[in-house]
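Residues per chain are reported as follows:
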Amino acid sequence: MTTAQDGLRAGLLGIEDLSRTEIEWILRRAKEFQRQQTPGRKLDTLRGRMVVLLFFESSTRTRTSFEIAAKRLGADSVSISVAASSVSKGESLVDTLNTLAAMRPDAIVMRHAASGAPHFLARHLPIPIINAGDGTHEHPTQALLDAMTILDHRPSLEGLKVAIIGDIAHSRVARSNVHLLTKFGADVVLCGPPTLLPEELGRLAPGVKLTYRMDEAIRGADVIMMLRVQLERQFETTFPAGEYFGFYGLRQEHVELARPDVIVMHPGPINRGRELSSEVADSQQSVILNQVENGVFVRMAVLERVLP
Amino acid sequence: MLVIRNGRVIDPASGLDAVCDVYLAAGRVAAVGANLDAPSSAAVFDATGMTVAPGFIDMHVHLREPGFEHAESIETGARAAAAGGFTSVCCMPNTSPVNDSATVTSYIIERAKQKSVVNIYPIGAITKGSKGEELAGIGAMVKAGAVAISDDGRPVMNSRVMRRAMELAKSHDIPVIDHCEDLNLSAGGDMHEGETSVRRGLRGIPSAAEDVMVARDILLAEVTGARFHVAHISTHHAVAMVAFAKKRGLKVSCEATPHHFVLADSDTAPYDSNYKMKPPLRGKHDVAAVLEGLVDGTVEVIATDHAPHAGSEKMQEFERCPFGITGLETAIGITLEELVHPGRITLRKMIELYTTGPARVMGLDRGTLTPGAPADVTIFDTATAWTYDVNKTQSKSKNSPFHGHTYKGGPVATIVAGRIVWQR
Numbered sequence: 001m002t003t004a005q006d007g008l009r010a011g012l013l014g015i016e017d018l019s020r021t022e023i024e025w026i027l028r029r030a031k032e033f034q035r036q037q038t039p040g041r042k043l044d045t046l047r048g049r050m051v052v053l054l055f056f057e058s059s060t061r062t063r064t065s066f067e068i069a070a071k072r073l074g075a076d077s078v079s080i081s082v083a084a085s086s087v088s089k090g091e092s093l094v095d096t097l098n099t100l101a102a103m104r105p106d107a108i109v110m111r112h113a114a115s116g117a118p119h120f121l122a123r124h125l126p127i128p129i130i131n132a133g134d135g136t137h138e139h140p141t142q143a144l145l146d147a148m149t150i151l152d153h154r155p156s157l158e159g160l161k162v163a164i165i166g167d168i169a170h171s172r173v174a175r176s177n178v179h180l181l182t183k184f185g186a187d188v189v190l191c192g193p194p195t196l197l198p199e200e201l202g203r204l205a206p207g208v209k210l211t212y213r214m215d216e217a218i219r220g221a222d223v224i225m226m227l228r229v230q231l232e233r234q235f236e237t238t239f240p241a242g243e244y245f246g247f248y249g250l251r252q253e254h255v256e257l258a259r260p261d262v263i264v265m266h267p268g269p270i271n272r273g274r275e276l277s278s279e280v281a282d283s284q285q286s287v288i289l290n291q292v293e294n295g296v297f298v299r300m301a302v303l304e305r306v307l308p
Numbered sequence: 309m310l311v312i313r314n315g316r317v318i319d320p321a322s323g324l325d326a327v328c329d330v331y332l333a334a335g336r337v338a339a340v341g342a343n344l345d346a347p348s349s350a351a352v353f354d355a356t357g358m359t360v361a362p363g364f365i366d367m368h369v370h371l372r373e374p375g376f377e378h379a380e381s382i383e384t385g386a387r388a389a390a391a392g393g394f395t396s397v398c399c400m401p402n403t404s405p406v407n408d409s410a411t412v413t414s415y416i417i418e419r420a421k422q423k424s425v426v427n428i429y430p431i432g433a434i435t436k437g438s439k440g441e442e443l444a445g446i447g448a449m450v451k452a453g454a455v456a457i458s459d460d461g462r463p464v465m466n467s468r469v470m471r472r473a474m475e476l477a478k479s480h481d482i483p484v485i486d487h488c489e490d491l492n493l494s495a496g497g498d499m500h501e502g503e504t505s506v507r508r509g510l511r512g513i514p515s516a517a518e519d520v521m522v523a524r525d526i527l528l529a530e531v532t533g534a535r536f537h538v539a540h541i542s543t544h545h546a547v548a549m550v551a552f553a554k555k556r557g558l559k560v561s562c563e564a565t566p567h568h569f570v571l572a573d574s575d576t577a578p579y580d581s582n583y584k585m586k587p588p589l590r591g592k593h594d595v596a597a598v599l600e601g602l603v604d605g606t607v608e609v610i611a612t613d614h615a616p617h618a619g620s621e622k623m624q625e626f627e628r629c630p631f632g633i634t635g636l637e638t639a640i641g642i643t644l645e646e647l648v649h650p651g652r653i654t655l656r657k658m659i660e661l662y663t664t665g666p667a668r669v670m671g672l673d674r675g676t677l678t679p680g681a682p683a684d685v686t687i688f689d690t691a692t693a694w695t696y697d698v699n700k701t702q703s704k705s706k707n708s709p710f711h712g713h714t715y716k717g718g719p720v721a722t723i724v725a726g727r728i729v730w731q732r
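The listed protein sequences correspond, in order, to chains A and B. Residues in the first sequence are numbered consecutively from 1, following the numbering used here. Residues in the second sequence are numbered consecutively from 309, following the numbering used here.
What the hints contain is simulated information worked out from the structure, not anything from laboratory work. A quick note: this is a predicted structure, and the numbers were derived from the prediction, not measured. Cβ atoms here follow ideal geometry from the backbone N, Cα and C, with glycine treated the same way. Hints may contain errors.
[Said to hold, decoys possible] Which bits of chain B does chain A cover? Going by a derived footprint, with three or more residues having C-beta under 8 Å, they are:
1. 502-510
2. 617-630
[What the hints assert, rightly or not] Distance condition first, Cα-Cα at most 30 Å in a straight line; then the derived DSBU-like pairs of lysine-lysine:
3. B:K559 - B:K592
4. B:K592 - B:K657
5. B:K657 - B:K555
6. A:K183 - B:K592
7. B:K478 - B:K421
8. A:K209 - B:K592
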C-alpha cells in the first residue's frame, strides 16, 4: 500500500491510503497543467519513458484520457485491451503481468474487473502500478479529477455538502470519492435504494451519512454526483429496473432543492433517462464535460509523480 | 514396544493427570503408571517436561485423493497430520470421483493402509456426486468403513433430501455433518459481509447464510432424532442455536476451526487468498462467541478443515481463488496460544477438544490412554518457541495465513499403533 512516506513512487492503488499532502500536490500540479495548456502542445518531461495501459475491462474514456496525458508529457504509451475471456482460457494474470514487466515499462496503468487485482500484482511486481479502476473497490484518478472539478467552482472542499446518488454498493467511484472528500472535511451523503446501499458504507470514513431519499440527500447540497447504474456489475436483481428513474433519477425538481450554485457531476458515460434527465444533463449546473477535461490534467500530474 | 517416560500424562477419559509413564505394546496401551517396569528391549522416549496425551483426532480434513493429487494425497496429508500431532483424521468426500459409494470408500481405506502413517476414516457423501438430489449409497459406504456422511462444501439445499438423509443416518448410527451455507444467500461472495468487505469492494457472504441452515438442520434433527453436527461453526447466532438445541436434549454438536477462533475479517491482509475460506472469517463478535462456546462446552471439537490448494490456484485475483487453507500443522500451536496460555481453558480441556470430543461425535473407539486402547499418543510441549515455516510443510500445499507466526509450544512426537511416525 502506498503510504505518505514512499509517496506515489510505488504507484497509485487507491485514495484510502493516500495522505492529504500527496493529494494536494497532485491537485496543485494538475491546476498548473490546466493553466499552461495550449491545445496540442506537448511537454517533454517524460520523454523516453514507457507507460503500458493494460485494460482488462473495456473503457474508452479512461484509457484515452491516460493515453493523452502520457503523450502530452512526451511519454510513449502502449495500450493493450485484454478480454477477460481470453485470460480465463490461457495466461493467468500473474503471467500476463510478468511478461509485460520483462519488457521493462516505467509504469503500468491497469483496469481490472476484480477488486484488489492491482494490489495483488503490486505485491509481486517491482513496477509502479496505477489503478485505473479495480472492480467495485477504487478508482483513484476519478476522485482526483472530481475534486479538481469541484475546486474549479469552490474555494475549498471543507464543509461542502456532497450528495452521491445511485448504485453505491458497486461503485468504485463512490468509494474513492468518499475517501478523498472526507479527508478534506466535506460532508458526504450517500443515497440509493437499500439493496445498493449497505449500512456499512456509513463507516467508510467519518462524516458520511446514508439516506434512501433523494430529497433528503440533495437539500442544501453544494455538489450532486450521480453514479452510473452499473447493471453489468450486478450479480442479482437489486431493484426493479422500471422503477429506477422514478425513485433515483435526477430531475430539475430535485436540483431546485440544492443550493442555487449547485454543480451536477457524473463520471460518465451518462444514461439519459436512467440516472438523470436530459434537461439536467444539459443544464447550466452540469459540469460533466469539465470533469472529462480535468481528467487529462490529473492523470498528467499522477504520471509525473509516479515516474521517478 | 515403547515406553514413554516421565511426561505429564493427561487422559481426560479416565481423569488421569500425573507425571508418569505410558507403556505401549502390541499396538495397544499396555500400562500407565509411575516407574513402570518394561522389558529392556522396549524403546524409551524421554518425555520429561512434555505433555503426553491420547492421539489427537482431526474430524475434518481434505486429503484430495482421489482426483486432486496435485494439491494433496493421502500420503502427504497423513504426513502433515502426523507433523501436526494428529494420529487420526476423517476425510471429507469432495474428491473426484466424490466418495459417494462403497467403491470409493474402500479405495480410500485401501490407499490409507498402503500410504498413510495415521489412521484415516472416510466420510461418505450424503447425495450422489454431492449434487444434493439423489441419496448416495449410505448403507454400503458405512459397511465399507465410512464413519459419517456430509456433502461438505456443497451443502444439501433441499430440506426434504436432508431429512431423508438424517433418517437413514440414524438407522446406521452415524452423524450427519453439515457445512451450513445457504448457497443462494452466499452466491458470489468472497469474504464475510461486513464493513471490511464493503470497504474492499468485495462481495460478502452474510452470517445469515450459515444461520438459516443451522436453524433448518436443528429442526430436522429434532424431527428425525438424528445425530447432527455443525461443521466449522463461525457465527454467534449459530453458536447460540447449537446451545439451544443441546438444552433441548437434541443430539446436536459442533466443531470450530483454529482460524475461526483466532482471526476476524478485519484481521486479514487485503486481497490475500490465504485468508479466503468458507465459511469466511467473521466479525469480532462472532470470534468472541466461538471462543465462548469453546469455553462453555457448546463447541466440543476443534477440527482444522485442512483444505490444501496448489500454489497456482491461490496465485490469482482474489475473487477467482478457491476457498480453503491448510491447518493440520498449526492447530496445536494456535490452540495453546489462543486458548490455553491466556487461561481461557485448561490443558485438559484442550486435550478433550482434540480427543474425547471428536471420538464421541464420530463414534470412534479412540481418544483415551486407558489400558487396552489403541496405542495412539500425541506428545507436545507447551513452552518451546517455534516459528511456522510453510516452505517446510509436509503437505503438498502452502496456503496458510500462519506462515512466519511464532508459537509457544507445539507437537513433539506422534505415535500411531505404538510406532513413532513423526518427531520434531
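Here is how each hint holds up against the structure:
{"no.": "1", "hint": "502-510", "verdict": "holds (count 8)"}
{"no.": "2", "hint": "617-630", "verdict": "holds (count 7)"}
{"no.": "3", "hint": "B:K559 - B:K592", "verdict": "29 Å, holds"}
{"no.": "4", "hint": "B:K592 - B:K657", "verdict": "23 Å, holds"}
{"no.": "5", "hint": "B:K657 - B:K555", "verdict": "21 Å, holds"}
{"no.": "6", "hint": "A:K183 - B:K592", "verdict": "27 Å, holds"}
{"no.": "7", "hint": "B:K478 - B:K421", "verdict": "28 Å, holds"}
{"no.": "8", "hint": "A:K209 - B:K592", "verdict": "24 Å, holds"}
Checked against the numbered hints given earlier, the structure satisfies every one of them.
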